[in-house]
Amino acid sequence: MVAILVSGLEARVVVRRGSGFRLDAEITVPDRTTVVLLGPNGAGKSTMVWAIAGAIPLDEGRITLGGRVLDDRAAGIRVEPPNRRIGAVFQDVLLFPHLTVAGNVAYALRRGCRSERRARAAAGDWLEHFGLERLAHLHPARLSGGEAQQVGLARALAGEPDLLLLDEPLSALDVAARGHFRRMLAGHLAGFEGPRLLITHDPAEAFLLADRVVVLEDGAVTHAGSPDDLRRHPETAYAADLAGVNLLTGTARSGLVDVGAGFPLRIADDDADGPVLLTIHPRAISIHARPPEGSPRNVWRTAVRSAETAGEHARVQVGDPLPLTAEITAGAFRELGITGECWVAVEAAEITVRPG
Amino acid sequence: MTGLRPDRPPGAVMAAALLGLALFAAPLVGLLARTPWSRIGSVLTGPVATDALRISLLTSLAAAAVATALGIPLAWVLARWEFPGRSLVRGLVLLPMVLPPVVGGAALLYAFGRRGLIGEPVYDATGLLLPFSGWGVVVANAFVATPFLVVTVEAALRNLDPRFEAAGSVLGGGRWRVFRRITLPMIGPSVGAGVLLAWARALGEFGATVTFAGNLQGRTQTMPLAVFVALEQDRDTAIALSLVLVAVSLAVLVVLRDRWWRSW
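For the protein sequence lines, the chains are A and B, in the order given. Using this note's numbering, count along the first sequence one by one with no gaps and you end on 356. Using this note's numbering, count along the second sequence one by one with no gaps and you end on 264.
Be careful, since some hints might not be right.
Only some residues are given here: those of chain B computed to face chain A with a beta carbon under 7 Å [stated by the list, open to error]:
{"#": "1", "residue": "Ala33"}
{"#": "2", "residue": "Pro36"}
{"#": "3", "residue": "Ala79"}
{"#": "4", "residue": "Ala167"}
{"#": "5", "residue": "Ser169"}
Derived from the structure by calculation, the hints contain no laboratory data. Predicted model, so just to flag it, every value in this text is computed and none were measured. No residue lacks a Cβ here, since even glycine has one placed at the ideal position from N, Cα and C.
One chain only, chain B, in its complex shape:
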């Protein structure tokens, strides 16, 4: 097949493709054109921006940690354990990927809110309340981000030749040791990709966060929320924070470049 080149696409296809490209390029160019480059340093060190940066960083990292701790076992069970209703469980786990985040936030509120199914008895017993707290942001972020890690890791587990794990078992490793010393290292790159993807998704989370955790500057206002608010009041801050998010997203894409496409 080497040397065989496909024909240049027909003109109409080219035109539509260029229009599609413009759809993605124009907003980015617009953002860059309006960026107050001389003031960007002072804007990003202002109180709103620093609060948002700090909260976003902490909550997204915590959400990535939660996603890792829960997502890997979930992926393992889905990939390796045949039980009735498995596809139903998988659908449930992956639902947040397609669910409007606002709906997810509302659902979280009905579960863990002050009057929620679980939230109420927990509040009555301990006085602990998730919504409108930093931990609420973490839960909302983990809710939307974990499926990305589950999908990536489950695909990796399915692609892993099961004979390696069987060999590890025959050669004297118990289940836990096989998992820790054989399975996990062999799917390591995919786990890394999944964690990065989950973290990036958590960092950009808006709908579920604002619904479940609110928008309190210094407590639950993450970067996307700060951008939304600042658009009305302080355009420079909105643009500067947006640029940070764009830069992070691009960096994640570059790191994931090969892995993410291939795992699909």
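Okay, chain A solo, but in the shape it has when bound:
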């Protein structure tokens, strides 16, 4: 018999909780791919992570990693967590408070059955590789949120894992630190050869880091596909809400942001400077058949690319020079009688600005 080598993570996870909550989700993460598990609080995202890691037993299901069976309820197979070869950045990072940064990394390095002393020496090299050697002798309580996250990531990768799990890796950071850390994280994710599963409740993070997005709601997968796919065909109200959020990157200077549209967008924050991430909620965008007048808004001329009505609402995609998704009432959509040319207006105050 020839063994079939399957790469990546394949997991079907069923976990019941006493409170009547039931997680029943299937997820596939190919090698060299970042799948983002996106969902509201309480959807079962963290349960999914701990179940894949082996810390929560499955009620049903099967998990394979690189063709290795980690869990198979039907066959009675269950690999202990330390033998799964999984690297994880946990929610709240969970650095061991009594160990130094070097001690934390050395702990994970010992997976390769190294002696304590050799693991310590290797931890120094590893921290240097991450540019964190200056923190080696500090205890976690002395680290900033961003430093703790970086150490958490270094620790997760130290054990040469076959799978990388990241549970809300940016949530502990203040807004200013997120952009920087997200870029760093993207770099490390790209350098990791195995499957990468990242969990977040923040759609902006999801769209920026994901190759594929899986939406988890109330214990069940409601959508799986590329970020674009999710934007075009959201299947639940929650997904639609996520999908519609318009994300733009650009460079801010004195209240104006260059987003590559040929004209700058006016924002309410005059102090933002440098790379920024803009989010515009679809309901904050209005569409007009004639040039609107009055208040200081961002207004530009464009064309409707596609539109669909769902009940009371219409989702309208507008095209170049700045493709966006807008949500207007179905009534407004009919009244406008938009066929082609239109004007888009966005209040400066409705544009959320975050450091890129």
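Guided by the hints, dock chain B onto chain A, whose structure is given.
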């Protein structure tokens, strides 16, 4: 809430509180007033006192070691393992905290005495006898002291965020390594407090010791037993040894000050 001060307690409450304070302060003052300060050095170096000090120190330390070795695993099982009858087991383990020590000593005698349930076959087979020996003192001390360590450590284990241990496991640590490198260090301060508390309790043990191990000077006579005997014959020795016990107890309280109150 800052700046908001509760009212001064009513007069009757104050009076009762002062009376309560007197209940604790008067004996201490009485002891200090009768202390033969000029002779205390020579009294404490006398044969009865030195024997008692030596035996007390050795047996209480040994009992603290036994309490640690058995109490931590017990606390771990009680805190982490759900099994039927767990509260019954916990009650059994904590019983010596409320049981009159004399009763505990008698029970130990019926278990490990020469005619005891376990003691008899062990004696017949090996000739070893626990009661009326130094090891008997250690067993009696451990019997009354271990529950204090179990209570403290179990509370600490329950308060420990289980995600740290799960993280330690996911990151490659086997059960033993997680216990040794994560669990134990994280509850370390509570273990320290529990050991200190168990040791202090062992040091002051009287009832179970005298019942199970007897009162033989130089073999099983610990400080509390020596104090009791000396009260009849050699008051100065009794007072001097009492002062040593008071000093040790106060020192333990100071060290435990915050930790013990909080863990309750």
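Going through the hints against the structure:
Interface restraint check: B:Ala33 against chain A, minimum CB-CB distance 47 Å, threshold 7 Å, status violated. The interface hint given for B:Pro36 is broken, as the beta carbon of that residue sits about 48 Å from the closest beta carbon of chain A, more than 7 Å. Nearest Cβ of chain A to the Cβ of B:Ala79: about 18 Å, over the 7 Å cut. The hint is violated. The closest approach between the C-beta of B:Ala167 and any C-beta of chain A is roughly 4 Å, which is under the 7 Å cut-off, so the hint is satisfied.
Given the 7 Å rule on beta carbons, the hint for B:Ser169 holds: about 4 Å separates it from the nearest Cβ of chain A.
Violation of the numbered hints given earlier is confined to hints 1, 2 and 3; the remaining hints are satisfied by the structure.
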